[in-house]
Amino acid sequence: MSYAITKPTIIYEEVPGTKIEIENMPAYKTQDDLGDCRAFSLAAILQQYVNTKWKSDIPDPKNPPFDSAISYFGLLAYTNQVPNIDYTFEPNQDNARSMRDIIDSLSKNGNRLILENCKHFENLVKSFSSTGQTGLNKRDEFFNYSRTIFERFRNKDEKNVQNLSEQIGKLNDYVKLEFNQPTLKKALTKNSFNEFLYTLIFSECKKENFPSGFRAAAFPLDSMDVTTSEIKNQILKGLHLNKPVLLPALCVSEDKNDECKMPHSIVISGYKKVKREIATIEVFKIHNSWGADWQQKNNDGWMDADAICKNISKIKSKDGSYYRIASSSVMWLD
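In terms of the UniProt record's numbering, the sequence shown opens at residue 1 and continues consecutively.
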């Protein structure tokens with residue numbers, strides 16, 4: 001979203017009586033180079049849901065108590081799970097589960113989530129926060145070294161895994177997640193690298209029960225062809241229901257054939273009309289996963305509503321003759 005097609009909207013004057021802003025939204029957090037926008041946008045709507053359901057116990061929605069604070073990086077255990085294979089973690093996925101399936105799966109399983117205080121996942125951001133290619137290189141080095149450990153030392157019998165103090169030290173040099181011998185040895189008994197990563201990073205975190213009973217209200221349905229105007233109306237419908245609205249695939253880079261090369265997941269948490277010179281336009285408020293700095297530099301997220309809707313990702317129709325807005329492009333917790 002830092003290189004989004006959608007440009008900041010210069011706001012001159014709010015039209016009275018038009019503003020909608022969702023209450024109980026969490027603080028802005030940054031995914032940086034290791035996080036995933038799907039995990040962070042999903043965490044934002046889940047935390048808002050928890051903040052609302054447990055409002056009497058969470059007086060400050062931007063700073064929930066430790067037993068009510070969802071780990072944004074912990075959501076990677078769901079968004080980056082290998083499809084149909086539990087207890088896996090696959091960074092930089094090409095073939096991911098749909099957000100609708102992830103939300104419905106969470107609810108059916110009691111909305112059991114990792115708490116923010118389980119591990120210092122913010123150290124992942126600090127460790128790979130260098131800008132540009134340097135940060136990406138550091139991230140890739142960490143995963144490549146992890147793969148080297150798995151391929152060299154994997155053993156089905158944990159008792160036969162040798163002492164790996166040197167490897168533990170180097171892993172912790174990459175990122176301060178307090179990696180330890182018992183967990184690494186357990187991880188090395190797994191069948192695949194993705195199972196190894198899940199065990200190494202997430203297995204020590206207990207999943208706590210949060211309010212559930214929701215489902216993913218999604219639009220459009222699989223067989224529907226819809227317009228950008230219908231997309232905007234559906235977003236407004238969610239906001240009028242006091243729901244933050246998830247857009248799982250806003251296109252921030254596309255090729256000449258309208259095929260999206262870089263989708264980005266965001267949350268819409270507000271709407272209003274503004275006067276801009278002689279024209280009146282509609283704007284949505286984006287709750288992005290690039291942190292408070294991005295919000296401050298981009299009118300606190302207020303952007304042209306029509307531009308946002310026009311940049312919803314498109315996919316080829318079944319017969320391949322045209323591009324259509326993808327199914328489940330607009331969602332909220334119902």
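Careful: at least some of the hints might be erroneous.
[Said to hold, decoys possible] Lysine-lysine pairs mimicking DSS-like chemistry, simulated, CA-CA at most 25 Å apart:
id : residue 1 : residue 2
1  : Lys316    : Lys232
2  : Lys119    : Lys176
3  : Lys316    : Lys275
4  : Lys273    : Lys232
5  : Lys261    : Lys275
6  : Lys138    : Lys156
7  : Lys310    : Lys237
8  : Lys232    : Lys314
9  : Lys206    : Lys232
10 : Lys314    : Lys237
11 : Lys232    : Lys19
12 : Lys138    : Lys108
13 : Lys119    : Lys62
14 : Lys19     : Lys186
15 : Lys170    : Lys119
16 : Lys53     : Lys314
17 : Lys207    : Lys232
18 : Lys176    : Lys138
19 : Lys138    : Lys119
20 : Lys275    : Lys297
21 : Lys62     : Lys207
22 : Lys237    : Lys275
[Unchecked claim] What follows is a list of derived Cβ distance ranges for each label pair:
id : residue 1 : residue 2 : range
23 : Asn163    : Asn63     : 29 to 35 Å
24 : Glu14     : Glu230    : 21 to 27 Å
25 : Phe153    : His120    : 34 to 40 Å
26 : Asn117    : Asp157    : 32 to 38 Å
Worth flagging that the hints you see were computed from the coordinates, not collected in a lab.
Ideal Cβ positions, reconstructed from N, Cα and C, are used throughout, including at glycine.
*Determine which of the earlier numbered hints do not hold for this structure and return their numbers in increasing order.*
Failing hints, ascending: 3, 5, 6, 9, 12, 14, 16, 17, 23, 25.
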